[in-house]
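S.K.: Each chain, letter by letter, is given below.
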Amino acid sequence: MSKQAILGAIRRSLGRDPRDSYLAQARLAEHPRGIVPERSRRDRAGQLALFQEQAEAVDATVVRLAALDEVPEAVADYLKRHNLPGDLRLAPDPELEGLPWADKAPMLTVASGRADPEDPTSLTGAFAGIAETGTLMLHSGPQGPTTLNFLPENHLVVLKASQVVGAYEEAWARVRAAYGPGALPRTVNFVTGPSRTGDIEQTIQLGAHGPRRLHILLIEDEPEAGAGEEGA
Amino acid sequence: MDSTSRSFKDNAKTALSDAQLRRALDNMKEGFIAKRAKAAAKLPEFEALRDQARDIKNHTLENLDAYLELYADKVEAAGGTVHWCATADEARAAVVEICRSVGAKTVTKGKSMIAEELALNEHLEANGLVPVETDLGEYIIQLRGEPPSHIIAPAIHLNKEQVASDFRARHTEFPAERQLEEPQQLVAEARAVLRQKYLDADVGITGANFLVAETGSSIIVTNEGNGDLTQSLPKVHIVVASIEKVVPTLEDASAILRVLARSATGQEFSTYTTLSTGPKRPEDPDGPEQYHVILLDNGRSQMLGSEFQDMLRCIRCGACMNHCPVYHSVGGHAYGWVYPGPMGAVLTPSLIGVEEAGHLPNASTFCGRCEAVCPMRIPLPKMMRHWREREFERHLAPPAVRAGLVMWVFFAKRPELYRFATGLKAMVLGALGRQRGRFAWMPLGRGWTAHRDLPVPEGRTFMELYDERQRAPVRDGIVRALRRGPETERRDAAGERDAA
Ligand code: SF4
Numbered sequence: 002m003s004k005q006a007i008l009g010a011i012r013r014s015l016g017r018d019p020r021d022s023y024l025a026q027a028r029l030a031e032h033p034r035g036i037v038p039e040r041s042r043r044d045r046a047g048q049l050a051l052f053q054e055q056a057e058a059v060d061a062t063v064v065r066l067a068a069l070d071e072v073p074e075a076v077a078d079y080l081k082r083h084n085l086p087g088d089l090r091l092a093p094d095p096e097l098e099g100l101p102w103a104d105k106a107p108m109l110t111v112a113s114g115r116a117d118p119e120d121p122t123s124l125t126g127a128f129a130g131i132a133e134t135g136t137l138m139l140h141s142g143p144q145g146p147t148t149l150n151f152l153p154e155n156h157l158v159v160l161k162a163s164q165v166v167g168a169y170e171e172a173w174a175r176v177r178a179a180y181g182p183g184a185l186p187r188t189v190n191f192v193t194g195p196s197r198t199g200d201i202e203q204t205i206q207l208g209a210h211g212p213r214r215l216h217i218l219l220i221e222d223e224p225e226a227g228a229g230e231e232g233a
Numbered sequence: 003m004d005s006t007s008r009s010f011k012d013n014a015k016t017a018l019s020d021a022q023l024r025r026a027l028d029n030m031k032e033g034f035i036a037k038r039a040k041a042a043a044k045l046p047e048f049e050a051l052r053d054q055a056r057d058i059k060n061h062t063l064e065n066l067d068a069y070l071e072l073y074a075d076k077v078e079a080a081g082g083t084v085h086w087c088a089t090a091d092e093a094r095a096a097v098v099e100i101c102r103s104v105g106a107k108t109v110t111k112g113k114s115m116i117a118e119e120l121a122l123n124e125h126l127e128a129n130g131l132v133p134v135e136t137d138l139g140e141y142i143i144q145l146r147g148e149p150p151s152h153i154i155a156p157a158i159h160l161n162k163e164q165v166a167s168d169f170r171a172r173h174t175e176f177p178a179e180r181q182l183e184e185p186q187q188l189v190a191e192a193r194a195v196l197r198q199k200y201l202d203a204d205v206g207i208t209g210a211n212f213l214v215a216e217t218g219s220s221i222i223v224t225n226e227g228n229g230d231l232t233q234s235l236p237k238v239h240i241v242v243a244s245i246e247k248v249v250p251t252l253e254d255a256s257a258i259l260r261v262l263a264r265s266a267t268g269q270e271f272s273t274y275t276t277l278s279t280g281p282k283r284p285e286d287p288d289g290p291e292q293y294h295v296i297l298l299d300n301g302r303s304q305m306l307g308s309e310f311q312d313m314l315r316c317i318r319c320g321a322c323m324n325h326c327p328v329y330h331s332v333g334g335h336a337y338g339w340v341y342p343g344p345m346g347a348v349l350t351p352s353l354i355g356v357e358e359a360g361h362l363p364n365a366s367t368f369c370g371r372c373e374a375v376c377p378m379r380i381p382l383p384k385m386m387r388h389w390r391e392r393e394f395e396r397h398l399a400p401p402a403v404r405a406g407l408v409m410w411v412f413f414a415k416r417p418e419l420y421r422f423a424t425g426l427k428a429m430v431l432g433a434l435g436r437q438r439g440r441f442a443w444m445p446l447g448r449g450w451t452a453h454r455d456l457p458v459p460e461g462r463t464f465m466e467l468y469d470e471r472q473r474a475p476v477r478d479g480i481v482r483a484l485r486r487g488p489e490t491e492r493r494d495a496a497g498e499r500d501a502a
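The listed protein sequences correspond, in order, to chains A and B. Each position in the first sequence, counted from 1, maps to that position plus 1 in the working numbering. Each position in the second sequence, counted from 1, maps to that position plus 2 in the working numbering.
These are calculated hints, taken from the structure and not from any lab test. No residue lacks a Cβ here, since even glycine has one placed at the ideal position from N, Cα and C. It is possible that part of the hints are untrue.
[To be verified] Which chain B residues face chain A? A few, computed with CB under 8 Å, are given here: (1) GLU47; (2) TYR69; (3) GLY289.
[As the list claims (entries may be wrong)] Some chain B residues well away from chain A (every beta-carbon gap over 12 Å; in silico): (4) LEU45; (5) GLU124; (6) ALA255; (7) HIS388; (8) LEU407; (9) PRO417; (10) ARG436; (11) LEU456; (12) THR463.
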């Protein structure tokens with residue numbers, strides 16, 4: 002009832018006919034790209050370097066690993082270095098669950114699933130890394146409970162070099178390729194550094210409600226890649 | 003929220019003599035202003051991105067009915083429900099109805115200006131629900147029973163000592179002798195207190211920075227992560243958003259996001275930007291079982307097609323108030339309703355009426371800084387002038403102001419008479435005040451002289467001096483200026499004036 006009243010009021014104000022929707026439909030179908038900042042257009046090595054530089058600028062930490070199975074040791078190292086408990090909650094992602102945890106990190110207690118409020122640390126995968134601002138793109142799904150990105154105090158993320166793109170638009174192109182046009186997983190999280198607040202006298206404090214620490218394990222899974230920006 | 007905008011003048015007076023407030027507002031200068039300037043300088047495309055953001059939003063507003071219908075279809079296709087609400091009353095009723103239907107007791111809330119516009123907390127309480135604000139700033143002012151004083155930094159009017167004493171008074175579960183001097187200690191305590199609230203809540207309410215027509219998603223932008231805990235832990239997620247929040251595509255949302263954080267806090271990107279589309283899917287391990295969108299009009303459809311349509315481009319970044327000398331002086335509470343600063347001076351009369359908020363468009367020095375920094379290039383000063391005109395037309399301005407303006411118009415339309423009158427005034431005042439050089443009092447001039455002296459005129463008007471100098475050969479002037487440089491040129495002019 003209010004729907005027709007509101008739409009009617011809008012149409013009267015704009016002097017529009019209810020059938021005038023082709024412009025809107027065309028824009029949704031074409032989803033044109035606008036200005037994309039020049040800084041995102043670099044060769045692959047340049048994009049990875051920019052991603053790392055931007056993530057570190059907002060208090061994330063980044064470690065580069067040559068292969069995925071180096072992850073357990075790197076995680077154990079990280080937790081030890083920061084004096085953190087050895088309990089780790091993995092995203093229920095076969096690729097992460099299948100890593101040599103028992104062999105390479107026997108001191109850790111590893112479980113997978115959605116976050117328990119007591120979990121100190123989570124380890125998740127990512128859908129993309131966006132070099133432009135050092136941003137991670139994560140999303141919900143059977144292998145990605147959203148609570149893992151927010152409840153634990155320490156969030157560790159495995160990001161593959163092949164997942165790093167220059168700009169947000171390239172990440173959307175990959176989402177459309179994976180999920181079809183006009184469809185998204187329930188939740189898409191862009192994460193740029195650990196949680197923070199400036200609400201007390203405009204001083205920046207980390208760890209407001211979400212993670213105090215964001216640590217990115219960047220896996221070099223591409224051969225020395227050439228230059229090139231991706232198509233839409 | 004009930005408005006006190008009618009008493010803006012008294013509110014402002016009180017604010018000006020509040021030393022705590024002065025100290026808190028002083029933080030803004032090194033804070034937001036410097037950070038925005040740095041972020042803008044770091045991105046060469048920033049100005050072009052502002053033009054683009056304006057154009058995207060203009061296109062969306064021109065086709066708003068179409069985009070809203072497409073958006074709502076998508077929300078429903080993803081399993082969500084859209085509640086179209088023409089008025090604040092309808093929106094409040096819809097929220098309460100959803101909470102009732104799931105037997106809710108506690109409701110966590112992410113920061114939402116629309117919820118403030120609806121005075122949602124009071125309404126939830128009146129209906130037996132317990133709302134808990136989760137954004138740190140909102141949480142602090144909820145403890146104090148105050149409204150926000152800034153659209154992105156709701157507790158900007160407070161100092162850390164005030165927050166510490168509120169926490170001591172309210173968080174009695176902690177040892178009384180604990181340390182609360184440092185911001186970090188305050189943040190940690192709020193984190194601990196709110197942790198349990200997220201887990202206990204039955205319903206989570208957030209606002210939306212954008213609604214995406216292409217996918218039926220709502221977008222929230224936060225730094226704390228409170229909005230994400232609010233919307234992913236309870237079994238029901240309610241989004242309260244106004245109709246102008248819609249943008250066409252994911253690309254359009256990203257394009258505007260590029261100017262949002264930079265303009266607001268000077269960050270390149272806020273920490274968390276989250277898109278939510280419908281409720282939890284069958285295969286998802288977590289997420290809410292219900293997803294509702296309260297889509298609020300509340301006067302906005304009437305702004306379309308009017309001289310205030312441009313205001314609907316606003317993305318609530320707060321840059322206009324961060325750069326406003328009036329806001330710096332009086333803070334946000336003086337404006338008396340939800341939206342302070344320049345954007346509030348334009349929006350508030352549109353939403354609650356110029357009778358109620360007619361003072362706000364006058365709370366401006368017309369310095370133009372708000373428009374210069376607005377990422378959506380909203381002509382704020384021009385729109386404040388529109389409101390002044392309407393206030394005048396509708397006889398809402400006080401009789402003395404009206405009489406003064408009518409008299410001024412009479413003279414302004416008759417240049418000869420105007421020059422004669424101002425010339426006479428300059429001469430008389432110039433002669434009367436030659437000795438002291440200033441007036442501390444003047445009939446009809448108390449509005450000025452109560453706070454500062456009036457300097458004595460030079461004895462002649464600008465037009466008289468201008469005429470005289472025009473008579474001197476232009477070429478002579480140029481030659482003189484070139485030969486002697488600007489300094490001597492100015493001294494010359496001063497000398498001529500003394501001699502006259
Ligand atoms: S009017 Fe412009 S500067 Fe002010 S809050 Fe809105 S978008 Fe930001």
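S.K.: Now look at each hint and say whether the structure bears it out.
M.R.: Each hint tested on the structure:
no.: 1; hint: GLU47; in the structure: holds (5 Å)
no.: 2; hint: TYR69; in the structure: holds (5 Å)
no.: 3; hint: GLY289; in the structure: holds (5 Å)
no.: 4; hint: LEU45; in the structure: violated (6 Å)
no.: 5; hint: GLU124; in the structure: holds (22 Å)
no.: 6; hint: ALA255; in the structure: violated (9 Å)
no.: 7; hint: HIS388; in the structure: holds (16 Å)
no.: 8; hint: LEU407; in the structure: holds (31 Å)
no.: 9; hint: PRO417; in the structure: holds (41 Å)
no.: 10; hint: ARG436; in the structure: holds (50 Å)
no.: 11; hint: LEU456; in the structure: holds (38 Å)
no.: 12; hint: THR463; in the structure: holds (47 Å)
Hints 4 and 6 from the earlier list are contradicted by this structure; the remaining hints agree with it.
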